[in-house]
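Based on the sequences and whatever the hints tell you, model everything.
Numbering (this note's numbering), first residue to last: 1 to 61.
The set of hints was computed from the structure by calculation and includes no laboratory data.
Be aware that a few hints might be false.
[What the hints assert, rightly or not] Straight-line alpha carbon distances no greater than 27 Å define the calculated DSSO-like cross-link-like pairs of lysine-lysine that follow: (1) K58 / K28; (2) K28 / K59; (3) K28 / K40.
[To be verified] Quick list of the computed label-pair ranges, beta carbon to beta carbon: (4) H12 / T48: 19 to 27 Å; (5) K58 / H29: 15 to 23 Å; (6) E51 / Q13: 29 to 37 Å; (7) D54 / Q13: 16 to 24 Å; (8) K58 / V8: 32 to 40 Å.
Virtual Cβ for every residue (Gly too), placed ideally from N, Cα, C.
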Amino acid sequence: MTQLRLAVEMGHQTAGLISCAEAGINNKHFNIEHLATIAKILDIPIITLFESVDQILKKSD
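Written out as structure tokens, the structure reads:
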């Protein structure tokens with residue numbers, strides 16, 4: 001799924017929020033409502049979005 005398609009399915013007209021939140025720029029981020037919506041669109045349990053968090057945090061230490 002493209003950033004644009006995901007953004008449109010979330011109710012946005014452009015992929016700006018998605019691309020900025022993924023890159024962590026312009027102080028954009030996904031909140032829990034965004035994550036719940038993304039999980040629903042992707043038809044996955046929301047917990048799936050957090051499965052690699054421990055690995056990411058270890059890399060940043």
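Hint check results:
no.	hint	verdict
1	K58 / K28	holds, 23 Å
2	K28 / K59	holds, 22 Å
3	K28 / K40	holds, 21 Å
4	H12 / T48: 19 to 27 Å	holds, 22 Å
5	K58 / H29: 15 to 23 Å	holds, 20 Å
6	E51 / Q13: 29 to 37 Å	holds, 30 Å
7	D54 / Q13: 16 to 24 Å	violated, 35 Å
8	K58 / V8: 32 to 40 Å	holds, 35 Å
Hint 7 from the earlier list is the only one contradicted by this structure; the remaining hints agree with it.
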